[in-house]
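If you're matching them up, the sequences are chains A and B in order.
Using this note's numbering, the letters of the first sequence correspond one by one to residues 55 to 710.
Using this note's numbering, the letters of the second sequence correspond one by one to residues 29 to 362.
By construction, these hints were calculated from the structure, which means they are not laboratory data.
For every residue, glycine included, the Cβ atom is placed at its ideal position computed from N, Cα and C.
Keep in mind that the hints are not guaranteed to be accurate.
What the hints assert, rightly or not - Here are a few chain A residues that sit away from chain B, every Cβ distance over 10 Å (derived from the structure):
1. E142
2. G315
3. P317
4. L318
Claimed, not checked - Facing chain B, a subset of chain A residues (Cβ under 8 Å, in silico):
5. G214
6. W215
7. G357
8. V437
9. T453
10. L607
11. T613
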Amino acid sequence: MAAVLTGTDALRVPVIARPADDASIAPRLDRIWETRKGLLGTLSSVDHKTIGKRYLVTAFLFLLIGGLEAAVMRAQLARPNETLLSPEQYNQLFTMHGVTMIFLYALPVLSGFSNFLWPLMLGSRDMAFPRLNAFSYWLFLLAGIFLYVSFPIGRAPDAGWFNYVPYSSLQYNPGINIDVYALGMVLLGLSTTVGSINFVVTLIRTRAPGMSINRVPILVWGTLTASVGNLFAVPAVSLAFLMLWMDRRFGSHFFDVAGGGQPLLWQHLFWMFGHPWVYAVVLPAMGIVSDGLPTFCRRPLVGYTAVALATVTTMVLGFGVWVHHMFATGLPPISLSFFSAASFVIVIPSAVAVFAWIATIWTGRPQFTTPFLFFAGFIVVFVIGGVSGFMTAAVPVDTQLTDTYFVVAHLHYVLIGINVFPVAGGIHYWFPKFTGRMMGERLGKWSFWIMFIGFNLGFFPMHIAGLLGMPRRIYTYPSGLGWDSVNLVISIGAYVFALGVLLFVINVWRSARHGARAGENPWDAPSLEWATPSPPPAYNFAVIPTVASRYPLWEDRLTGHQGHSSTSQGMLLDNGRETIGTSALDAVPDVILRMPGDSFAPLLLSIALAIAFAGMLIHSWWLFGIAAFISAIASIAWLWPEARLGQTTEIVRDRA
Amino acid sequence: MRRLSLAVALALPIAASAATPMSYLRTFGPAGDPGTALGYGLGIVSIVVMVVVTVLVLAGIYRKRPRPASARELTVSRDEGGLPWIYIGVGVSTLVLIACAVWTMLTVAAVAMPAHAAGLTLQVNAAQWWWNVRYRNAEPLQVFDAPNEIHIPVGRPVRIELTSSDVIHSFWIPQLAGKMDVIPGQTNVTWLQADRPGVYRGQCGEYCGVQHAHMSMYVVADAPEDYAAWAARQRAPASSTVAAALVGGQQAFVRNCGACHAVRGTGAGGILGPDLTHLKSRRTIAAGMLPNTPGNLSAWIANAQALKPGCRMPTMALSGPELSAIVAYLDTLH
């Protein structure tokens with residue numbers, strides 16, 4: 055953890071340096087910050103850039119797994135009465151597809167971007183809690199594996215990603231599958247929670263001097279909002295899954311009707327989490343567009359303040375609309391009306407963002423790069439996903455639409471349209487920072503057009519299937535209901551989309567090896583991360599930058615700001631791993647933060663926790679006990695006070 | 029000519045609705061119609077928004093611009109401009125949203141209850157994976173069960189009370205009304221009214237397990253007098269005396285099937301599966317899955333698990349003659 059120095063050391067005034075004048079600075083910082091080579095370095099690294107890339111790659115692997123599951127399902131649904139899959143297999147596939155995409159891809163991929171980019175965008179040398187950052191990643195990876203542990207034996211979770219009781223109760227769903235889901239979600243919830251805390255504190259504490267709250271990039275606003283939202287939302291679902299597990303294995307009756315329990319309690323708890331979660335997986339992605347689009351329109355984002363406030367407003371309102379997932383559960387019309395109205399209101403902040411993007415394009419000068427195509431294409435699919443959501447906000451319309459393919463279309467326009475498209479654009483955009491190389495433009499454009507056409511060909515007709523009354527989550531359907539040809543089109547479109555994703559992956563693979571070398575700022579972009587070399591060194595910035603405006607690298611061409619941002623001269627901070635702590639709103643430097651070095655403790659703790667959960671899963675209490683003991687050891691090792699972090703009083707005396 | 033085109037315009041959705049029996053693009057009663065109208069309204073708004081945004085994005089991209097001196101040149105010299113887009117766009121959107129919200133509230137009120145009190149109350153009980161329908165009556169002896177195929181008098185509101193004997197299901201007859209979930213431990217109430225005689229298909233709308241895909245049903249709306257005649261027939265028990273040739277079949281049925289299925293008037297009184305007293309009066313078997321033909325019936329009895337894997341109907345260990353005898357007996361249950 056970052057340690058705040060007390061005593062005389064806190065009065066140390068940082069040395070101001072110009073790295074251009076002193077060739078010894080870079081090698082010295084390298085020695086301080088670089089992770090050692092080899093396997094041990096890999097397992098102990100706390101470098102936010104390494105962790106960010108791991109998040110991105112892992113999330114993408116899960117995306118491919120979830121995509122394969124979808125491909126098999128679309129083969130089953132391409133024709134009526136198809137028997138490629140048994141109902142049990144289909145139900146496990148659609149459940150794992152949802153779980154994988156929503157929990158193991160959508161948020162983790164955005165955490166990848168934010169982990170990699172935040173310190174670079176904010177002018178810091180690392181996240182506030184580097185070890186917590188590593189812990190969050192390892193736990194995510196292990197929770198992902200945990201959720202798949204019963205898949206190979208043909209007993210994967212099969213009650214859908216929202217896992218309604220009583221179908222998911224022991225009586226109707228005996229076996230290990232639902233326990234895997236319940237415990238896996240609690241484990242994953244720990245990862246999400248510590249990751250969110252890290253983002254919030256990083257924003258509050260580790261911005262470069264002058265990076266006041268109204269100058270941070272919109273991606274930062276998006277991830278901050280999502281993180282705060284998660285801190286309030288995740289406890290609801292962790293609680294729900296814990297209660298379900300206790301109902302199943304310890305005979306409690308939270309949801310059991312026979313014991314006085316209430317099935318609707320599950321739905322309330324799940325959607326109190328579920329709906330804010332939807333915003334958590336789109337707001338940072340919208341931030342990617344808000345930051346990337348202006349670069350390719352050659353002007354700042356129109357309405358920065360409005361977009362930032364709209365981001366926060368969306369999440370606040372997002373906590374007041376969960377019942378729109380429950381319009382058909384028999385709640386009284388008056389409460390339905392309230393949640394219906396709230397669901398209409400939440401469209402307004404989205405409209406702010408849409409018109410800001412349109413205005414940015416209109417008043418700018420578009421450059422037809424691959425990321426621009428992804429961002430501009432995103433606006434169109436965002437609006438389609440938005441208006442279908444607007445239709446489901448109306449109770450009497452929703453009671454028809456809900457649980458049909460119309461909703462399947464809607465949620466894929468939201469999750470693919472608002473998450474995958476910005477992510478693909480964002481990877482093209484920041485690839486130089488990730489790897490030091492440019493993505494191939496030619497293949498990039500091909501992959502965009504194939505993805506865009508395949509996506510709309512595959513998912514737009516799902517609206518039609520829904521309007522023709524096709525329920526979701528059916529493993530087959532008879533012919534004669536008018537669903538045959540539309541399903542064939544959907545399957546073909548889905549495979550075209552998959553081909554586009556494949557081309558994208560090939561492009562990433564090839565470009566990472568053979569792409570053209572990128573300079574510091576190949577797109578002539580305005581924000582701070584582009585002031586570092588591509589890829590950035592372990593210490594990010596040789597000196598802590600100072601920031602004077604929202605667009606530090608466009609200051610030579612924009613007027614209206616006082617002073618100049620600087621990355622060439624600033625605080626050196628080379629007395630061990632250090633970065634500067636600043637005040638929450640105005641980013642006035644007030645403390646030197648000492649950052650911890652690489653450590654095995656996060657990995658060890660993650661493994662011990664995963665084993666403890668495995669012990670709970672198989673009711674092996676001795677295994678649980680041993681793992682809990684190792685967890686305690688790992689926590690103590692992690693938190694052991696270190697002299698060089700100023701966590702023991704002796705060292706302060708020594709220095710004095 | 030005008031009348032002809034009007035007739036065509038009216039006939040097309042009806043023809044289409046016959047080909048797409050689950051489509052709620054056209055509904056046939058006051059429980060569904062206001063929501064359908066609202067759906068068209070919101071759909072049109074949605075399409076207009078989609079088109080406008082797409083046109084603005086494309087026009088924004090391709091509109092003519094002065095050539096910049098260099099690629100580095102920005103289009104503005106200060107971080108400002110463009111805000112009227114947000115003011116106007118969000119302003120117009122807000123007005124449209126308020127109008128849609130008001131329309132929604134009015135529609136919620138319009139479909140919450142029928143205009144007249146319902147004369148007929150049905151208790152629909154959902155179970156994995158079929159529907160029991162109990163026709164309520166103040167006279168206990170007049171109450172009867174007739175599963176998986178609901179009959180209602182045309183033009184009259186019908187109250188539906190929904191219960192579940194296991195997990196959550198959702199009661200949904202798209203061309204008559206939206207969904208109402210069926211939740212164990214509570215009784216949800218909805219209503220239906222068919223303004224046109226006909227057969228309407230319904231299907232479970234909430235994922236409920238392995239055979240969620242095959243949990244459908246039909247609603248048959250008849251003229252009130254036809255409905256009354258149907259109800260009188262259903263109320264009656266099956267004849268307890270059967271032709272000599274069928275006695276063996278009846279006994280085999282009671283012995284093999286009577287623990288789960290009832291045929292009123294015989295020794296078969298099971299309640300775990302659908303009541304079969306008037307099996308042959310129904311259009312389908314296996315909860316709307318198969319046409320009710322002797323061939324399908326014997327295939328179903330012989331190996332239900334092959335047709336509907338995981339369903340609660342076990343595979344019966346019946347000899348060939350036993351099976352034929354049972355099917356022959358069931359064939360008399362009109």
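A quick look at each hint next to the structure:
1. E142: violated (6 Å)
2. G315: Non-interface label fails for A:G315: nearest chain B Cβ at 8 Å, not farther than 10 Å.
3. P317: It is violated; A:P317 is separated from chain B by about 6 Å at its closest Cβ, not greater than 10 Å.
4. L318: violated (7 Å)
5. G214: holds (5 Å)
6. W215: violated (11 Å)
7. G357: holds (5 Å)
8. V437: holds (4 Å)
9. T453: Holds, about 3 Å.
10. L607: Because about 11 Å separates A:L607 from the closest Cβ in chain B, which is outside the 8 Å limit, the hint is violated.
11. T613: Holds. Min distance 6 Å.
Hints 1, 2, 3, 4, 6, 10 from the earlier list are contradicted by this structure; the remaining hints agree with it.
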